[in-house]
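Chains as they are written, first to last, in numbering that gives the first Met the number 0: chain H, 0 to 258; chain P, 0 to 367.
Treat the hints with care, since some could be wrong.
Unchecked claim - Some, not all, of what chain P presents toward chain H, calculated at C-beta under 8 Å:
id	residue
1	Gly23
2	Glu56
3	Met64
4	Val65
5	Tyr66
6	Gly67
7	Gly205
8	Thr207
9	Arg212
10	Ser217
11	Leu218
Said to hold, decoys possible - Reference listing, derived: stretches of chain H covered by chain P, where coverage requires no fewer than 3 residues with Cβ under 8 Å from a Cβ of chain P:
id	segment
12	50-58
13	75-82
14	113-124
Please keep in mind that the hints were generated in silico from the structure rather than gathered at the bench.
For clarity, every value in this text was computed on a predicted model and none was experimentally measured.
Using N, Cα and C, we set each Cβ at its ideal position, and we do this for glycine too.
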Amino acid sequence: MSYIPTREEIIEDHDNVVYERTCLLTDNALSYCPGCGHGTAHRLIMEVIEEMNLQADTIGVAPVGCSVLAYDFMNIDMQQAAHGRAPAVATGIKRLYPNKFVFTYQGDGDLAAIGTGETLHACNRGENITVFFVNNGIYGMTGGQMAPTTLPNMKTATSPFGRDTETMGHPLKITELVSHLPGTYFVSRQSVHTPANVRKAKKAIEKAIQYQKLNKGLCFVEIVSNCNSGWKMTPLESNKWMEENMFPFYPLGDIKVPK
Amino acid sequence: MKDIRLMKGNEAIAEGVIRAGCDGYFGYPITPQSEVLEYLMATKTKERTGMITMQAESEIASIHMVYGGAAAGKRVMTSSSSPGISLMQEGISFMAGTELPCLLLNVVRGGPGLGTIQPSQSDYFQAVKGGGHGDYKMIVLAPASVQEMYDFAKLGFELAFKHRIQVMVLSDGAIGQMMEKVELDEQVPRWTDAEIVKMHPWATTGKTPDRERNIITSLDLNPVKQEIININLQKKFKHIEETEVRFERIMCDDAEYLFVAYGSSARICQKAVMLGRERGIKVGLLRPITLFPYPTHELAKLAKQVKGMLSVEMSAGQMVEDVRLSVNGAVPVEHYGRLGGIMPAPDEVLNVLENKFIKNKNYELHTH
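Chain P extracted, bound-state conformation (with noise of 0.2 Å):
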């Protein structure tokens, strides 16, 4: 019998990573994501699963300890909002220096500073291009329900494990906070030490004398390595580009017109897609689930079918200039977005469509 139940986005990526085996959870609370702090809290993972989940004194201890745990091999994870993001940024390079899987979640809210509780799409950059010092990228998944907010937190442990790479679930406060059915599916057990020695033998478990020490270090002085480890890095972001792409395509077919989406404001696009239909506007979605890597070349092709695309961001225009690097300036490509915790109406984003693209008219923004 299916497991079925009423969740929020925020507890069902709490009991995402609980069912994915996770090892352990450090975090600090922040809104709107306190919930997956509450919930495991109050679920008891150690006596359920033998996970750790441990409230930490800030955002930026929260992430080294999970740099402690990364790098012991075991699957940890954090989750935080925009700015306790931002300050997990010192961390989340030296992972990315030192190779080390893990989850993280960012249930966006406006910024920039202290900025709404309210969701927002505005730290897109932030995730997909960097965020902090160095030259890297994280794999970014976009989920666009709460089902999906259940479902990455396997899929994120599985690539972050698979590629060596921290893997960002970018979510945002609508997401996190809404409810909705969830399917959830069998527990998987979580490593032994015994496994983690075979399966990571890069790992910190302590020295034996079957093998040279294990060294987990972002420092080398010497340009010439230190060039290496950096080619070394974009080989292997190149090879996820090639390899981990993911998205949605919504009534893309015969598409004259097309919405680009993710998260909450693909969810608006697609209602909007429906009620274009109804007006005879052949318009389509295409939702990137993987944020980086992007569906470049999905977006390229589509290019040569629709007439003008519109990136719909809850955001100052952030996602549009890699929608605008896709297709190369084959079509017009337009951005609509608002800001500061405001979400955009399905009619608002299919008039925006309409007057950029079909009637040729800029649309005003009335702000109440």
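Extracted from the complex, chain H is given alone in its bound form (with noise of 0.2 Å):
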């Protein structure tokens, strides 16, 4: 009989590795509340830049939200940002360095309501960076107040009886807005919830990247992702109520791809 090797030994042996975490992580935890789609989010970003041998080319834009500490958790330069400047702050370092690598990463009450401003225009100009984009409908980390995406009839804490779009407006699809801006190169919406749709974020993530060497305009990618800790759900019903509520609203795929 032929020796069977222990678990053990079946992970220390390198040749067996299928996956490992990207260096471009830190070793630190996640500040992210469990279920939460960020980390996964970050993970692909940071994959991706890995890569492609960016990380010395590499500075990101942290927004102000849940993901306020991403340079705790991205192994590259980062610049904290004030609430909503990111695309401001970006253009300023992207028109200086146009030969690095630039991007935000945003959720929708940075990016779609104080600083909508700072979004289209950067948008509109054509800055050649690159938007990630968090839309969970909801403030996350100030305790789960109505967003610019947060759904009609969706409960909040600004919106106890639900959002009443007569007295409390729509929910802002800005990125089928930006899509029609003539500075956008690149618009995807992708979910990261299942392996499935995990690999098809990824696919966008690699063009929005990979596109920014191009100097044909900004690169947007939108990830629709749950908020269970806001939404006051467990993380499976929060991902069934997004498939149920959210998609129909915020349907994923490609929404402007180079011609």
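Build the complex: two chains, separate frames, hints provided.
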């Protein structure tokens, strides 16, 4: 009978490794709630930057919101921006370092409420930056208040009886909006809640990073995500709710692709 | 041969930043300082030195573009006038919290609100006492001539990088718009990216294997650490107060009475000093060039010599508070100011000084 290696021996044998965490994620424990999509989104972006060997050329911009501490987890040079101003900050960096890879990572409140002006104008100018937009329809960090992307009738801390569109306005489809601007080159909406969606999201992230080298305009990837804490659901419930409610309003897929 | 030109104040500082090796200007038009952006665009900075000049969608975006460039170690600046500077306070506070160097220009107009487009000095508190949220100071330079508008571009960048601090040139609509001769100096070369990596190891230029990642942030949720950050900031401001005070003394040696004034008001008071001397009044002028750090010790010294000080400002009385703090009750300190874009005349301020300190009468303002 041939020798059967132990589990430990199998793990230690590097030839058997099929997957490793990217070295561009730090050892810091993520501050996100268990079940939240941010961690997966971080991992995918860092994996792609590592695979494209861009660490030394990357400058990231962290927003205000749950991902305000993104620089604790991403092992790259990063700037923390004021609420909503990440596209302006990234514009300043990219104009002065046109050969660097510059990206922002923003939530819905940051990108589509307080930073709408900076977002639209960076997109419209065709800044050669990449914007990653995590949309979970709520202000997570401040405790679950209504966001610009909160769905009609959705309950939040500041719309406790549901979002009344007559008095609280309508959810803003900012991704569709920026896709119509001549300055955007690639616009896509993805999710990271199933392995199949993670693979698709990674492909979109790869394109959004690769295309920046072409200097053809801004690349924009929305990731529709859950906020199980803010939505007051279990992670599984929140993913189901997202599929049933968020995806019909924010349909997944590429919205603008290069001709 | 000297390179001497006739220029507007706003054009002079624009030429000054190019020659100081500035890498990027981000701004938004507002009267009375739009010539800065216009001059930079017309002179094709990209072709001249490689400097980026960009018109942003707002003053808010401008200051955050400056933030991004400064955090990556570049010499960057913006300019605006009062209402626009109010909008920039968010970004300035973030730059204070992250200790980022930059040059800011405020060509002050009358306020509050939209106010007027005529010159004023009513943004002194905002510039000198902090402006945005949190405990911080900027170095504030007050030019009194078109030449100084030019000179303070280079000086401003030097001080900004020496102390990793925001430097504001606090000008006004008169200095910005008037034309005088300016002597230009040699072009300072822009830093190469390699020089920036070497000179500013804190800058976010891309993480290389030889160092840890660089993070520019003003956030620390641990109050113990946040207090230490603040204490260190205060130490820096104190050091600046001890080392960077600049002022000009005009006929102070034998003065019995003293004008204290900066910028346009100092120009008016300089003429008033000459008129006063003709009338036999021994009057001098102390002109603060840095408003932060303030020439506190110089005023305290002069308080032992003069019988009274008149702070002349185009405001309702802002700098006068710093004059009073400096002399600490040793001599009477009065204020005279015109508001809303009106500039006082030399004989007007001299009459005020004479009435208040010599004839002991209250000067009655005659408005037109």
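Quick rundown of the hints versus the structure:
Below 8 Å, beta-carbon pairs count as interface contacts, and Gly23/P has one with chain H at about 5 Å; its hint therefore holds. Interface restraint check for Glu56/P: the shortest CB-CB distance to chain H comes to about 4 Å, inside 8 Å, so the restraint holds. The closest approach between the C-beta of Met64/P and any C-beta of chain H is roughly 3 Å, which is under the 8 Å cut-off, so the hint is satisfied. The interface hint given for Val65/P is met, as the beta carbon of that residue sits about 6 Å from the closest beta carbon of chain H, less than 8 Å.
For the restraint placing Tyr66/P at the interface with chain H, the shortest Cβ-Cβ distance is roughly 5 Å, inside the 8 Å limit, so the hint holds. Hint on Gly67/P holds. Least Cβ distance to chain H is approximately 3 Å, under the 8 Å limit. The restraint placing Gly205/P at the interface with chain H holds, with a minimum CB-CB distance near 5 Å, inside the 8 Å limit. Annotation: Thr207/P was flagged as interfacial toward chain H, and the flag holds, the nearest CB pair being 5 Å apart, inside 8 Å.
The closest approach between the C-beta of Arg212/P and any C-beta of chain H is roughly 6 Å, which is under the 8 Å cut-off, so the hint is satisfied. With its C-beta approaching chain H no nearer than about 7 Å, Ser217/P sits inside the 8 Å limit, and its interface hint holds. This hint holds: Leu218/P has a C-beta 6 Å from the nearest C-beta of chain H, less than the 8 Å allowed. With a cut-off of 8 Å between beta carbons, the segment 50-58 of chain H has 5 residues touching chain P; three or more are needed, and the interface restraint holds.
With 7 residues having a Cβ less than 8 Å from any Cβ of chain P, the segment 75-82 of chain H passes the three-residue criterion, so the hint holds. Coverage of the segment 113-124 of chain H by chain P holds. Counting CB-CB distances below 8 Å, 3 residues qualify, and the rule asks for three or more.
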